[in-house]
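Input sequences plus hints: build the corresponding full structure.
The listed protein sequences correspond, in order, to chains A and B. Using UniProt numbering, the letters of the first sequence map in sequence onto residues 1 to 384. Using UniProt numbering, the letters of the second sequence map in sequence onto residues 1 to 377.
Hints were generated in silico from the structure; no laboratory data involved. Mixed in with the good hints there might be a few duds.
Here are the simulated distance ranges between beta carbons [unchecked claim]:
1) B:G230 <-> A:E291: 37 to 43 Å
2) B:E109 <-> A:E308: 47 to 53 Å
3) B:Q218 <-> A:E281: 47 to 53 Å
4) A:P158 <-> B:K220: 33 to 39 Å
5) A:E108 <-> B:K133: 38 to 44 Å
6) B:Y259 <-> A:H38: 24 to 30 Å
7) A:K375 <-> B:Q218: 44 to 50 Å
8) A:N88 <-> B:R261: 54 to 60 Å
9) A:K375 <-> B:V36: 17 to 23 Å
Think about it this way: if two alpha-carbon atoms lie no more than 30 Å apart in a straight line, the pair counts; the simulated DSSO-like pairs of lysine-lysine are [claimed, not checked]:
10) A:K112 <-> B:K220
11) A:K112 <-> B:K214
12) B:K43 <-> A:K2
13) B:K43 <-> A:K112
14) A:K112 <-> B:K47
15) B:K220 <-> A:K339
16) B:K311 <-> A:K45
17) B:K220 <-> A:K89
18) A:K89 <-> B:K18
19) B:K47 <-> B:K57
Cβ coordinates follow ideal geometry from the N, Cα and C atoms, glycine included.
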Amino acid sequence: MKRIYLDHAATTPIHPSVKEVMRDVMEDSFGNPSSIHHFGRESRKRLDEARMTMANSINANYESIIFTSGGTEANNLAIFGTAYANRNKGNHIITTNIEHHAVLHPVEQLEKEGFDVTYLPVDEKGMVDIMDVKKALRKDTILVTIMYVNNETGMKQPVQMIGNLLRSRGIPFHTDAVQAYGVEEIDVEELKIDLLTTSSHKIYGPKGVGFLYKREGLNLTQRLYGGEQERTWRSGTENTLAIEGFKKAVEVLKEERTKRYDHYKQLSERLIQALDEKNVEYHINGDLSTEHRVPNILNLSFPGMDVEIFLTNLDLSGVAVSSGSACTAGSIDPSHVLKAMYGEDSPRLRNSIRFSFGMDNTVEEMTLVAERIEKIVNRLSSNV
Amino acid sequence: MIYLDNSATTQPAQEVLKSFQTVSMNYYANPSSIHVGGSEVEKLLFKARTQIAQLLKVNEDEVIFTSGGTESNNLAIKGIAHAHQNRGNHIITTQIEHPAVLQVCKDLEREGFEVTYLPVDESGNINLDDLKKAINENTILVTIMHVNNEIGTIQPIEKIAKLLANYPKITFHTDHVQGFGKVSLPYDMEGLDLITISGHKIHGLKGTGCLIKKRHVQLKPLFHGGSQEGSVRPGTENVAGNVSLAKAMRLAVEKQSQYNRLIALHQKLFDQLEPIDKITINSPKNGAAHIFNFSVLGFKPEVLIHALGEKEIYVSTKSACSSKQDEPSHVIVACGKEQEAGAAIRVSLSINQSEEDIDIFIKEIKNVIQQYKSIMG
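This is the structure:
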């Protein structure tokens, strides 16, 4: 049986070129970038180059890149860091109901500490309305954190409009771009983003590394105290090997972005087409068109199915998918994203699957996946 | 080439690199995913956790993977402070901790916590009576490093743990980054609640480390997000990194028998350098054998480091984390050696260091001092 991995939004395999670079770096560079001798300087030089690559990838300044241990840490640094640094200016934060837990849980913690948080609703397609953002703004708003691409539905939020609005009001705008970075062309100047989170292991790089973009001049309270690494925004000996891998992943991404986008689009369209051919009943959670959706994430509801049984069956048939974010998948609690879109009582909360595509998937696999889904759906429906 | 800056970072062992490569290439799924791929990786992660637990004789749910020593220290200290601020607001530490402990304590002071910084004697040892006297009804945390990273002084962690076992309200944390693999601790000992370990100081990889947190200890997490690491440390697990850490720790324990060799090398450094005019040794004789710190009075350490660098011998001034600052070493100042503090040089050995390396270093440092003396007349 051919195993098909369609869970790339949870994590991606490491790209062959990334492996190669990491293998080389392992062999010949291990110095601590803060050491002043030859080995340290060598590592420092590599680190500087990686920082430059990251900065260029989003049209940012070199100084604005803070390497972290991943997306969760970058989100935590952006949110707690901004909230604590601006406490004297106000205590109101705006976010949405559909953020990743690495944003929602920090914000909830801040709420416990006395901050006032507005959770914006989304429409049936899973999108935030810019008018809602506008209405929620207050004199004491010190941070707006809204994700770029939702990790469960792939729906893009109107970051450009939010950026324009917030810049005109002088309010810091953070966006969790973990799912967007590998697909969308991001220009922080044009989008007027002040803080942006990325993660390496979602773009074919190694786990354990990511970065926070922080516009120069913006103040943050650090989360990790210690040495003066990362211009004191983030202490700790730099994870140089993983950063090298991340750098290569970004370089490959730059070369392949268009190709990847087209491939994902083809996969997503083929899966839909194949399901239609087999008359499998489904509803899209989000939007079938890719005007507002990244093509590598597709969230479908299968009426009459139970997500846990469905997932187990898919897994046994060799198809690795998930019901939502991997960080919540362990428990299979109903998705807070789908809840925000369709309400607590919607059956979609109990019968939806996220497919997330990667460069290693083929169009033929999509036909196979549709066939396996058809079999499972027929078997499970006849059992009822 | 002679690398004598192993307290800044070490060269990863081949076996460690191999584990990292194998895991990152063949097991890439997210361990929190419930499909087969995810559960395979989760098993691997569990195995790494179990190996570390067995090495240290602690329970596997007491091993929390982090991004390294800095994060472990931050998590331990802030985690206790913020979880127990209702009980009290007093913290005890020492004047000679690594910045990843000192700066955290300073930040807590800004938040309103009270911190006692215990003094040390000229060898860098704290006095247990000072500790006893510092404890009051508001004390919630004592954080004292095991092996000092600049001069190698070993604090009496067992005695401290024994003392603190009588104070159930006080949590005891030790920064064990420089001790692991060289000077062991009874990790399962009562009274020893939190232990920081870093990967890249023991021939593991940067970006890896763990915090040992005994079952009864309640911590407030630093990061909020998914429910990884028992929710104490959210974020997708660095599986390959964590497996490589387990490997590095196992190798370090296996190689610990080599440590006796380092004691002889340490003694040799003392014997050869102590008699030299202008040289003062800042390390205690009974300190950890892999760290040797000395000052050449009247010489800027950068000049000596540069001259040694020309000969491909690599040493450092103090902690890499603070070597960019021009300030004198806070550790040596705390030992009451103001003059020496601005001129300190640290030689730090790997567990594999050869005697020949040390002989060459001794010869060259003598040459360099002689040379500069004649120039400066």
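- Message: Tell me the hint numbers this structure goes against, listed in increasing order.
- Response: 13, 14 and 18
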